[in-house]
Structure formats: C-alpha cells, structure tokens
Amino acid sequence: MPKQNNLAIFYCGTNGAGKSTLRGFNQDSVQIVVDSDHIAMQINPENPRVVMQGQHSQCI
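Sequential numbering from 42 applies to the sequence shown in our numbering.
For the record, the hints were derived by calculation from the structure and aren't laboratory data.
Glycine included, each C-beta is placed from N, C-alpha and C at the ideal position.
You may find that some hints are simply not true.
Ranges between beta-carbon positions, derived for each pair [claimed, not checked]:
#: 1; residue 1: 44; residue 2: 74; range: 23 to 33 Å
#: 2; residue 1: 42; residue 2: 88; range: 42 to 52 Å
#: 3; residue 1: 88; residue 2: 43; range: 42 to 52 Å
#: 4; residue 1: 80; residue 2: 44; range: 31 to 41 Å
#: 5; residue 1: 43; residue 2: 87; range: 40 to 50 Å
#: 6; residue 1: 82; residue 2: 48; range: 22 to 32 Å
#: 7; residue 1: 88; residue 2: 59; range: 22 to 32 Å
#: 8; residue 1: 76; residue 2: 42; range: 28 to 38 Å
#: 9; residue 1: 46; residue 2: 74; range: 41 to 51 Å
#: 10; residue 1: 82; residue 2: 47; range: 25 to 35 Å
#: 11; residue 1: 89; residue 2: 52; range: 30 to 40 Å
#: 12; residue 1: 90; residue 2: 46; range: 36 to 46 Å
Kindly produce the complete structure, drawing on both the sequences and the hints.
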C-alpha cells in the first residue's frame, strides 16, 4: 500500500484578517475544518462571543 502524506493547514489571525477567504480557496482539498466561530455560533446563537471569552488563556 502506498504511503499517504498527511497535511495540516492552519489559518490564524485576528478578526477580519482573511482566514475564511483563504480557507475558501482550498475548500475542495480540505477534508476536516474546525471553525471556532461556527462552533461558538452553534453553542450560543444569541451571543457567540460569550462562548469564546476566556478560551485564549486555555490555548497552548
């Protein structure tokens, strides 16, 4: 069986930096997307920013 090369791409930056735009360019080649803004919106549609508060101190 041929060896499969795995690739992880991370788009990081502040709000409005263009992360979603860049992700859109590679949309066909990406299998898994973890979008913290989308997750926060699902958890608390009324106020997604509340979900994100305090999370930066827990990041490694």
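Here is how each hint holds up against the structure:
As the Cβ distance of residue 44 to residue 74 is approximately 25 Å, the hint placing it in 23 to 33 Å holds. In this structure the supplied range 42 to 52 Å holds for residue 42 paired with residue 88, their Cβ-Cβ distance being about 49 Å. Remark: the range hint 42 to 52 Å for residue 88 to residue 43 is upheld by a beta-carbon distance near 48 Å. At about 33 Å, the beta-carbon gap between residue 80 and residue 44 stays in the expected band of 31 to 41 Å.
Hint check: residue 43 to residue 87, Cβ distance near 49 Å, so the stated range 40 to 50 Å holds. For residue 82 and residue 48, the hinted distance range of 22 to 32 Å is satisfied, since their beta carbons lie about 27 Å from each other. Restraint check, residue 88 to residue 59: a C-beta distance of roughly 25 Å satisfies the suggested window 22 to 32 Å. A C-beta distance of roughly 32 Å is found between residue 76 and residue 42, which places it inside the suggested range of 28 to 38 Å.
Our hint of 41 to 51 Å for residue 46 and residue 74 is violated, since their Cβ atoms are close to 19 Å apart. The supplied range of 25 to 35 Å is met by residue 82 and residue 47, whose beta-carbon atoms lie about 29 Å from each other. Separation of residue 89 from residue 52 is about 19 Å and departs from the stated range, judged on CB atoms against 30 to 40 Å. Restraint check, residue 90 to residue 46: a C-beta distance of roughly 38 Å satisfies the suggested window 36 to 46 Å.
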